[in-house]
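Novice: Knowing the structure of chain A, use the given hints to seat chain B on it.
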Amino acid sequence: MDPSRVCLLCVLMGFITCSPNSTHHHDYCVLGAGPSGLQMGHFLSRTQRDYIILERNSGPGSFFNKYPRHRKLISINKIHTGSCNREFNLRHDWNSLLSDKPDLLFRRVSSEFYPTADAFPLYLSLYERELGLKVQYGVDIGHIRALSSDSGRQYVLTDQQGSSYFCSVLLLATGLWVPQTIAFVGSDLVEGYESISTDPEDYKNQAVLILGKGNSAFETAQSLLGSASRVHMVSRSPVRLAWQTHYVGDLRAVNNEVLDTYQLKSLDGLVETHLEEIAITKQTEESRLRPKHGRNKKEKLYLTLNKFMQNGSNSTNSRAEELSGFHIDNFSMRKPYDRVIRCLGFRFNFSIFDRTARPPNSGNARGRLPAVTAWYEGKNTPGLFVLGTAAHSRDYRTSAGGFVHGFRYTVRAVHRVLEHRYHGLQWPFTKLLSTQLLPWILKRVNEASGPYQMFQVLGDIVLLQGSHCKYLEEFPLQALPQLSSLSGHKVTNGLIILVLQYGKKKIDFLGRSRAETDWTRAWKSNFLHPVLYYYNRLPTEEEIKLRPHGWPLPRPKVIHHMIEDFLTEWDAPISHVQPLQRFLEHCVQTDLRHFYAESCFRLSLTHRQPPLYCQHGYLKGQGLSQNGQMGQKVYNSVTSSPGIIENSPQQDNSALTNYLTRAGIPMSSEIKHEL
Amino acid sequence: MALWPSVAVLLLCAASGGCLEKANASNLIEFTAADFYHKLYSGKMMFMYFEREGNNLTKQNSFSLGCSSAILRDEVRYVHTDADLSAMEKSVKGKKDIVLCYVSSLGTREHRSIMETAFVYGSKYQFILITGGPVLKHLGLVTSSPSARVWVLHCTDHRSDRCPLTPMRKPVSTLGLHSFLQLMDAPLLTELHEDPSQIPPSQFPHQLVPQLFLFSLPETEALDKENANTLAGKLRGLAQVLGSVAVQTPQLYNAAYRLPGKVLAYFHRRKYFISCIIFCVHIFLSDQFDDEVAASVYLKRGMDLDMEVFTELNRQNFHSVVAQSSLTVALFYLKWDAASMAFLEAFVEVAESLLDGDVDDVQMCAVNCGEWTDLCAAESDPSDPPFPFRPITAFPTVLMLRPREPARRYGGMLTSQTLGRTPAGIDVLGSYLGSVPPLPSLILTHNPSAAEIYQYPPRLPISAPSVLQWVQRVEEGGETAAGALGDDNWPPVAPFYDFLGVMDHNDPSSARQQRPKQEKSEGETREGGGEDGGVNTSSNATDIISSDAPI
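So the sequences go chain by chain: A and B.
Residues 1200 to 1874 (this note's numbering) are what the first sequence spells out, left to right.
Residues 61 to 611 (this note's numbering) are what the second sequence spells out, left to right.
It is possible that part of the hints are untrue.
[To be verified] In silico DSS-like pairs for lysine-lysine, Cα to Cα no more than 27 Å straight-line:
hint, chain 1, residue 1, chain 2, residue 2
1, A, Lys1277, B, Lys577
2, B, Lys577, A, Lys1705
3, B, Lys577, A, Lys1704
4, B, Lys395, A, Lys1630
5, B, Lys577, A, Lys1744
6, B, Lys230, A, Lys1723
7, B, Lys577, A, Lys1756
8, B, Lys153, A, Lys1723
9, B, Lys395, A, Lys1819
[Claimed, not checked] Incomplete in silico selection of chain A near chain B, CB under 8 Å:
hint, residue
10, Leu1631
11, Thr1719
12, Ile1758
13, Glu1784
14, Thr1789
15, Leu1804
16, Gln1821
These are computed hints drawn from the structure, not numbers from a lab.
What you are looking at is a predicted structure, and each value in this text was computed from that prediction instead of being measured.
Cβ atoms here follow ideal geometry from the backbone N, Cα and C, with glycine treated the same way.
With the rest of the complex left out, here is chain A (with noise of 0.2 Å):
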């Protein structure tokens, strides 16, 4: 970006004066220093671009500093694997960020599988710092507005001293952090799960109400259960045990010792209700009989239904008509409470946009979030790009967008996206022989980390051309019908697309037959498996809209389950590899099978032209040799003669090179150099 048209533009407008104190001008401006800030100003580093990570707090990840309340991190540590392959080892760290440095991980400020909070902003400093990241504190943006003129669309942020940021594009990475409310009769009586105390003393003998049953609520039921009475907790939906729907952001088992008490009817529960229509009032009980002892006045919350309260009363000590318990006589929650606590989890902040930068609300997840294209640019808000959390309405419910170790790779996917949209580069690809595509498509099933976590919402992209082909990583499923432009490559011969998903049926996840074996069953595979999808254009977007229920991609020309796997390791020559080979033969026509030298010797002899491996190897002089039977009788005799190094061109290989040539391994004269 040119500073000079820029700071014209602003005088021309009025806006502010163009000293250097208050005006700065980036092509790309990140908007906050948390995780997904943190992960964007990694890949523009490394691009070596124009940018600036704006923070209002004095450190990056300040969200951590006080959330989760109850400072036990969900997001798994899992520092052994088994394995040294890093790419692999990702798909089991869920809370370190990708960079090029192999230690620069999170294990290396915690050991602990369930993490403290306060290591994660520990976390991010190092990140930050070892990175070299352009990260300015105690920046608080306050508005934002976007700006249009013939040369462009700018977006300008205002901070708390008046100063001007001039961006290209923005970069949204505030993270979510109002705390949801919903609006009934008596919500003012309601605790915020933001400010509650988190001393199990101070619920001593309480009864305690909480509105909600995510991961917050039930964390707080948890540290509860020792001090507190009973503890309750309502919400509109019954609780979704993220074990039985795979989605992370549902109520995971480390978080779920309620649901022990509750079934074990230890005097906690769970209720279902709307929200909207509960009111909560309060009951002052005067203590009449023994004034002089301790308090005379207890404040009970009693639940009640919104109906059942009479015209211009409020919260405050309402009748007895107005209680459930009046109408209901078993009504559930007829005993009065102590207190309420909402657990509502956090909306985006909405409030800091001018109207002409405003992205609209999400459809989904209650207009919590911002609604996003599926390369995360703002609906009507070109240059404007939500990442991290606050992006999850994308996968809402489904996949991992709005957590560490899925929006990760969605912010690799826009950094990808803005290469290519403002400086022409296209998507990295890797270019492969169709003979490869087998094992390299193998490599990727069993190590990949993106497609794994964020299943369903990245896919691996292989354009077939012949007898080449194209490999595209991660690249977001559902703009697929804008792949040109958001990628520049074009599809010529068709396309195959890698996906990992799950099963869509709800079974019962630790029952009977929940795994299916037989790889000609592997459509009815349950658990995370390999799924690819086989069309010989583009699909559309009309198609991408109506593609079958629960599908991440429309119907394709041919689809190619891979059975689940136990071990998660799709390596099984029958049930894994083969059926695989037969899917991509059929993808491109063509025999895609190996052949031993002497095969293609004789199919070259036989036939015009040999099959493609034959072609890729055998005809240019690297065939594979049918070594069985090599005995220990030829190395004997190799390695007692003493006179196998003979005069030769290449003196220090020659020794090798015998050895080579009398395993069955000639050398060729000309060796192929690389680089």
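Specialist: For chain B alone, kept in the frame of chain A given last:
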């Protein structure tokens, strides 16, 4: 060539029993053996029964199913436990063989195939149909398999307690069953007095059955025959075994085989092992593998390779290890890639020989790219020097690494066979000309513009002038082609498993695109279910707070 007439006759016998005879016997008996053989050869036999009965598909089906249910009642028995089966074996011992069929559910295509077969062969074999039960254990099925299985229990001339059984390995289909039962009935060993090259490939219905020729020498004929019989017993249901006192075949071959659709291949005495592997791979794994390399790797899956012979090479130690030796040879492989694993075996042997030979200026490394993914992707730590090679994208790859030099990719040929004198050469000639000509033989092929193959007249002496003349005649079109090359189009050989078709069949709506919504397009679309994705079962109906579950 005594086999074929007997096959034809057998099929006649079989077809003259059961339901068909009553329905339409006169038509069938009109065939002579020659007619029958002709029909068999042309591959039309299986449709004949049905064509006579009615000309449209529905009629055929109702006919065959009607017939099938008659058989089901009268002829096809059911067993549940192993004791039931044992009793059944006793009752037919010395009289009949048993065809035992397992289907997971009735009414499937496989079930129909079995019933059709029972209908044709019902008088010759005792048919048993099972859909489960403890007897499966005796048959070696651990859990109920979704696909049908068939076994033949040889009870006719077996004296021991239980009848030995032969499983059918191919997928169950009418044609496959037919072929299998025919093979069960063919003599174990067919004796030939011709050279294998004179014997045509297996014909219908055995066109998918490999042939194995065992050559015998006059002086050892009795012993050879005994061995051949034993082998034939082991290969029953898998291959046709033909014993031959070979007349023309040179003595350096001791056996030959012909795989379906392939030309004859010889077991060279020196390369016996390879031939055995190819044949065994085909025999035992052709149902499971299309890929010869994958099959041979699978066959050796129990053998552990000694990976200790390699120097460990990874991202951290790369530069220091390479600096240790004037030459480092590194194999980059993936363990699920058959070519990698086939090559790895040879590579281990090379490394072993270097160790044994005390060659210390070369160190051998094998890098598992499924584990050291960053090294294989040439991704070095930003603080370290870069790796001297580009990302590995083809497997296996062998790199020659020297200290402070860019890597060189080993581009050598991985075989040393001089193929002109190997069985492959004969194989190629046979493919060109249909039979092996007297050697030496001069062939003109791979003419850039055409697929034709020309053979230099065998009786003409090979001299420069006459060869030149011959080539000129070929160019002018004055010679008749002796054969043609196969085309250069290589479509997939194996059928792929059509999951979409299976899903449509089993759960028709699951894979269907949604219809465009007419109304309420806005409010109804909810990606990922939205907040109200869960169903509130109680409060909608009563409009009161549901109490917790009743006790």
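Novice: Give a verdict on every hint.
Specialist: Here is how each hint holds up against the structure:
With a CA separation close to 45 Å, the supplied pair lysine 1277 of chain A and lysine 577 of chain B exceeds the 27 Å bound. Distance hint between lysine 577 of chain B and lysine 1705 of chain A is fulfilled; the C-alpha atoms sit about 26 Å from each other, no more than 27 Å. The suggested pairing of lysine 577 of chain B with lysine 1704 of chain A holds, with an alpha-carbon distance near 24 Å, which does not exceed 27 Å. Using a Cα cut-off of 27 Å, the hinted pair lysine 395 of chain B and lysine 1630 of chain A holds, with the two alpha carbons roughly 21 Å apart.
Simply put, lysine 577 of chain B and lysine 1744 of chain A have alpha-carbon atoms about 11 Å apart, close enough for the 27 Å limit, and the pair holds. Between lysine 230 of chain B and lysine 1723 of chain A the CA atoms are separated by roughly 25 Å; this keeps the pair inside 27 Å, and the hint holds. The suggested pairing of lysine 577 of chain B with lysine 1756 of chain A holds, with an alpha-carbon distance near 23 Å, which does not exceed 27 Å. Using a Cα cut-off of 27 Å, the hinted pair lysine 153 of chain B and lysine 1723 of chain A is violated, with the two alpha carbons roughly 44 Å apart.
A threshold of 27 Å between alpha carbons decides the hint, and for lysine 395 of chain B with lysine 1819 of chain A the separation of about 24 Å falls inside it, so the pair holds. Below 8 Å, beta-carbon pairs count as interface contacts, and leucine 1631 of chain A has one with chain B at about 6 Å; its hint therefore holds. At its closest, the beta carbon of threonine 1719 of chain A sits 6 Å from a beta carbon of chain B; the interface hint therefore holds under the 8 Å criterion. The restraint placing isoleucine 1758 of chain A at the interface with chain B holds, with a minimum CB-CB distance near 5 Å, inside the 8 Å limit.
Evaluation of the glutamate 1784 of chain A hint against chain B yields a held restraint, the C-beta minimum of about 4 Å falling below 8 Å. Nearest Cβ of chain B to the Cβ of threonine 1789 of chain A: about 6 Å, under the 8 Å cut. The hint holds. At its closest, the beta carbon of leucine 1804 of chain A sits 5 Å from a beta carbon of chain B; the interface hint therefore holds under the 8 Å criterion. For glutamine 1821 of chain A, the shortest C-beta to C-beta distance to chain B is roughly 6 Å, which falls under 8 Å, so the interface hint holds.
Of the numbered hints stated above, those contradicted by the structure are hints 1 and 8, listed in ascending order.
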